[in-house]
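Trainee: So the chains spell out like this:
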Amino acid sequence: MSPKSESPSTLAKSVDATILAVRQETPNVKTLTFDLSLDPKAGQYLMAWIRGLDEIPMGFSGPREITVHEVGQATKALANFEPGRSLGLRGPLGNSFILRGDNILLIGGGVGIAPLTFLGEAAKAQDIDVTSLIGFRSSADVLFKQRLEKLGDLAITTDDGSMGIHGFASAGLKELNLGEYSQIYLCGPEPMMWDILSRSKEHSGKIQVSINRYFKCAVGVCGSCCLDHEGIRVCVEGPVIMADRLLNSEFGKYRRGPSGSRGSCRG
Amino acid sequence: MSSLAGEVGGLILENPVMLAAGILGTTGASLRRAAMAGAGAVVTKSVGSIPRDGHPGPTVVPLDIGLINAMGLPNPSYREFQEEIDIGKTGGIPVVASIFGADPDEFASIASGLTADAFELNLSCPHAEKYGAELGRYPEAVQSVTKAVKARVRVPVWVKLTPNTADIVELGLAAQDGGADAVVAINTLKAMAIDIESGYPILGNRFGGLSGPAIKPVAVRCVYDLSSALDIPVIGAGGVSCFVDAIEMIMAGASGVQIGTALQRGYGVFGEIIEGLSAYLERRSMRLSDLRGLAMRRT
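Going line by line, the protein sequences match chains A and B.
Residue numbers for the first sequence follow the working numbering, so the first one is 1 and each next one is one higher.
Residue numbers for the second sequence follow the working numbering, so the first one is 1001 and each next one is one higher.
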């Protein structure tokens, strides 16, 4: 399925999965491994049903795992799941990253590294060269350093300078010649992604961006995730969207919350 | 395409196939996209007087036969929503504002605070406390809400009815008595799904409304009964997924049809239905008006 595809692959019903292992990645990020694989492609997501609480979208960080950043009530509950506990999973949903060419660049920030690491590992298995540029607030937040080091060149930035290059992820762009890469993959907090995109517009035709909007139904009907000005249904036509379609969209400017009300795309 | 043009519930439409309320109607851009895909009119997501985030997830349960949903009337309030209607209007077709309130005054103040080509009164959402079907199952409430809105606006007023009642015709007559320009039938059927691994009801709200192919025969019967009893037009909604379903609705008496759950297949569903409908009419050298209510004349 291409990033532009209009319809969901199949209607995914909720299946019961059990947590096999929980790995603490950073003080507020954990990776949960399931006892079953939904057979996802990198870039796809699932809806995780925390029974009695909520159902939230989570990107895959591997074929049978998700990586959870504790930000709200539902992610905190999910991160506190112990091995042996079960939850409902609906997926895999949405489109995926598409591997193009033999020399790719991953640019990520925070927990956005998760789907990129999954992609990088799939690329490596096909003998594609993988370079990564990843940014974090601080050295304590650095995620998947070892997994990404195994794939190829890795540059790290931290906002406070406690590891790698001092500054935002865009500070690492100077070290790279974007023209060299056959395809670039981007995932992270929206201000960070917008910062990268606005500095690399001439490459927007080869940048695949995984974006975040408020998903409710995840089957493309409720309309809560629609992206101005095209009205892209991010839950089924995304979450991966080509950068050239994002440049004149709401992306980087505003986003809608659960009521449909427009708000800041920060945080 | 001109064979499909005509009046539906006080609006002149290029074709009678519309986007249903609650589907891809939160943003002006998605309404416009439905217009570009060929819809004859679009109905917005229901808006109320204050912002609501809606129910916790899961908000939908996908089934082979349709969807159960309990979105919980999320909306940014009508004050913030005018901008989305205005963007939707750039699609070049009528935009119908779906509105909800707890009483006639609330409905009337929302309607008078919005500019739209028509209003659809949500008296039928089955899963929001104090709203929707909690009023809409009482004929007196249907009549008084309709009357209050009609007194405040000059554009057509449609009333969307609930099938979760012993006699939907009674509700339709109440809307007609209140001055409605059309009724829309049906909203979802109250429904529930339970996860057998855990025993939890799946929806965050525990119960919700069933839509999609499962309810089409129920909708056809409701449209037939309403069309037989009412003088005002009936707009058919409920499980219409292809042109065959649309024709069935029209033969049951519908002046127009609304598409909701079938949008899961993408916006292309509008084009499929409109082309199918046109080709059917052409093949049989018939007009849309020949089909309308045909089932009532076959006795």
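Please note: incorrect hints may appear among the correct ones.
Stated by the list, open to error - Below, computed lysine to any residue pairings styled on SDA-like, alpha-carbon distance capped at 20 Å: (1) A:Lys174 <-> A:Asn103; (2) B:Lys1190 <-> B:Arg1221; (3) B:Lys1089 <-> A:Lys13; (4) B:Lys1089 <-> A:His229; (5) A:Lys13 <-> B:Phe1207; (6) A:Lys13 <-> B:Gly1266; (7) A:Lys253 <-> B:Glu1083; (8) A:Lys13 <-> B:Pro1213; (9) B:Lys1150 <-> B:Gly1179; (10) A:Lys13 <-> B:Arg1265; (11) A:Lys13 <-> B:Lys1150; (12) A:Lys76 <-> B:Pro1056; (13) A:Lys174 <-> A:Asp159; (14) A:Lys30 <-> A:Phe81; (15) A:Lys13 <-> B:Glu1106; (16) A:Lys13 <-> A:Lys30; (17) B:Lys1130 <-> B:Glu1106; (18) A:Lys13 <-> B:Asp1064; (19) A:Lys13 <-> B:Gly1179; (20) A:Lys13 <-> B:Ser1198.
Just so you know, these hints were derived from the structure itself, not from any lab.
Trainee: Now tell me if each hint is right for this structure.
Mentor: Outcome of the hint check:
| no. | hint | verdict |
| --- | --- | --- |
| 1 | A:Lys174 <-> A:Asn103 | 18 Å, holds |
| 2 | B:Lys1190 <-> B:Arg1221 | 17 Å, holds |
| 3 | B:Lys1089 <-> A:Lys13 | 36 Å, violated |
| 4 | B:Lys1089 <-> A:His229 | 14 Å, holds |
| 5 | A:Lys13 <-> B:Phe1207 | 17 Å, holds |
| 6 | A:Lys13 <-> B:Gly1266 | 19 Å, holds |
| 7 | A:Lys253 <-> B:Glu1083 | 17 Å, holds |
| 8 | A:Lys13 <-> B:Pro1213 | 17 Å, holds |
| 9 | B:Lys1150 <-> B:Gly1179 | 7 Å, holds |
| 10 | A:Lys13 <-> B:Arg1265 | 16 Å, holds |
| 11 | A:Lys13 <-> B:Lys1150 | 43 Å, violated |
| 12 | A:Lys76 <-> B:Pro1056 | 16 Å, holds |
| 13 | A:Lys174 <-> A:Asp159 | 16 Å, holds |
| 14 | A:Lys30 <-> A:Phe81 | 10 Å, holds |
| 15 | A:Lys13 <-> B:Glu1106 | 38 Å, violated |
| 16 | A:Lys13 <-> A:Lys30 | 25 Å, violated |
| 17 | B:Lys1130 <-> B:Glu1106 | 12 Å, holds |
| 18 | A:Lys13 <-> B:Asp1064 | 9 Å, holds |
| 19 | A:Lys13 <-> B:Gly1179 | 43 Å, violated |
| 20 | A:Lys13 <-> B:Ser1198 | 15 Å, holds |
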